[in-house]
Amino acid sequence: MAKISQRRQTKTAYFLLAPALILLAVFSVFPLFYTIVISLFHWRIRSGPFVGAEHYLELFGSYANLGGVVVLSLLIGLSLRWASSLSSKKKFSSKKSGFILWGGRVVSLLFGIGLFILLGKVWAQGDAHFLRSLEITFWFALGTVPVQLVLGLSLALALQAKFRGKSSLRTAILLPYILPLVASAAVFTLLFSLSPQSPANQLLALFHVGPWQWLKQAQGIFASGHLPVYFSDWFSSWTAGPSLALICILVFNTWLYSGYYALVFSNGLAAIPEEVFEAAALEGVSKPQVLFRIVLPLLSPTTFFLTILGVVGTLKAFSSLYILRDASTASAVDPASVMIFFTFFREVRYGYAAALAVVLFLVILTVTNTQRRLWEKRVFYE
Amino acid sequence: MNKKLTWRRHPVSLLFRWLFLGGFALLTIFPLLWMFATALKSPAEVMTRLSVNPFSAQFWPTVPWWPNFQSVWFSGIGRGLLNSVFLSGVTVLGLLCTTIPAAFAFARLEFAGKKWVFSAVLATLMIPETVTFIPNFLTVAAFHGVDTWQGMTVPFMANAFYIFFLNQYIRQIPQELFDAAAIDGASTKRILLQLVTPLLSGPLATMVFLELLASWNSLLWPLLISQSPTWRPVSIALARFTSEEGSQLGLRMAASLFAIFPILVVFVFLQRRITETLVRSGIR
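Residue numbers (our numbering), protein chains in the order written: chain P, 17 to 398; chain S, 760 to 1043.
Careful, some of the hints might be misleading.
Claimed, not checked - Just a few of them, taken from the derived set where beta-carbon distance is under 8 Å, the chain P residues facing chain S:
(1) Leu40
(2) Ala177
(3) Ser200
(4) Gln213
(5) Ile356
Calculated directly from the structure, the hints in this document are not laboratory data.
Using N, Cα and C, we set each Cβ at its ideal position, and we do this for glycine too.
Starting from the given sequences, assemble the full structure and let the hints guide the process.
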């Protein structure tokens, strides 16, 4: 191989790469830019007149809102970034740099609160449906990622020994991840159906409760309807909390991915060198301390990876939600991906759907970037 | 393995470990057991045998009721299943044809612009389907690909994730093997087919399985492209079946069982290679 000239290798390489590169260019890179173009046109099945930023205006209500959201999002990112670059300078002591880091987080939190209040205005003047779908995505991430992390880690720790039946237990725990989720979602629609005969309601009946509506219950679990008038709908939609229907979907998601999280954590645990545990045993370190002071910090790259994966996965999830949702609970369970699909598919508003997709893409970029910044100092690389 | 865990090998801790894992495993397989039991119940039994305890006889049918499977097969699921087998098979074949050469080029060849092209390919991982599906629909429609199997499969025949995934394994193959092949005068095609492919059986089996699963589960794209029943995959057939209010529970669960079966068979065949590879890499 080494004898082949550089030039010939270049030719061979591009010949081998061509099929993959062409397909990726046509179906992945080009669409990214073309979506932006479509979002600037009035477009229903066929391309209509150029409308500029009109769709973005419809989404945000006014240019002031649009500008405010962009500026505040940038400020959140920048304050975290400045704090982290300032704190890593050598002239500060470790105590001082920690202080600066926390200062950056507090400032970005303040900007975040400002953004939240501004979004209330967007909710009133712009597209409340889209904001609602982002709010649902937030509940989704909050309700699944931490639970899956804790469950996955506990399962992985429990699997860290030799005992009878270990491999079949591991296969059973991984099973939901391996089977087609369209089929298991179909099972869950019946497990959590509103009929009094459904397993969920049968379980309640054992305690003389119910029957509940489960997947058809669109009302938030904390909804009381007694909020003072000066709170806008935006606030009351947050204080109402996730609906029972959404919680059923969260249960499904946790069921689906916990085994996978356990698998990844097992890999992380296997990578910790034995000497670490031996040293801890020699020093007489207590078990909880081994867990919290040694294992968790050493696993932080794995945890970080799973957190990003979980949050981005939430923003992208479609198939399971499409099956578990119901037209009557759309406003309670549809995340952004589903909402964009229906704007395109049912309302046939290609231009507006494209604008929503562009905004969702920016949200994903911002969220992953902010997460990376927040974790930066805590992720412990060997 | 044992040495490092001496601090938690007490018999009591083993019992707790086993109870926790066993309890969780029971939760994970409960929906599957329930699906299986319900698929075998007659319409009358679905409404009367209601126990949620898999260890009770009331959980199971008195005698297996087979007509569920017959009527489900002929109401769209059968056709969807055959379509899905074909569509996911074609997607996986296409994916292998683009991914193996590309991963090989990145892992083993030095060429102008390599760094730049590789990071561009990796960057496509950041672009979600929600962002690309609108232009892609317009592209496929422009090529008259709506309602054709080509329109259903070609857009998924390249994936940066798998290129990156295989690239890591091809890098681990010792250089001496490639040198020996070069001395023997083997062509690039022969190196790919007779050297790289056999050595990567574990990662390739994993890739095949994960893509089969992804293709089996896909709903967004088939909903747009397969507007007539001709190429409708099992995912859509199942979604339609589930959303119909009237259809009986036994039928719905028989349909789900049909949809699970082929994937389960593939998994059983590839199991050892897949778990080996999965345990060593983080994939979702």
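Hints, verified against the model:
Because the smallest distance between the Cβ of P/Leu40 and any Cβ of chain S comes to about 5 Å, under 8 Å, the interface hint for this residue holds. For the restraint placing P/Ala177 at the interface with chain S, the shortest Cβ-Cβ distance is roughly 6 Å, inside the 8 Å limit, so the hint holds. Given hint, P/Ser200 at the interface with chain S, holds; its Cβ is 6 Å from that chain's nearest Cβ, closer than 8 Å. Interface hint status for P/Gln213: upheld, as the beta-carbon distance to the closest one in chain S is roughly 6 Å, under 8 Å.
At about 6 Å, the closest approach between the beta carbon of P/Ile356 and any beta carbon in chain S falls short of 8 Å, and the interface hint on this residue holds.
Hint violations for this structure: none, all hints satisfied.
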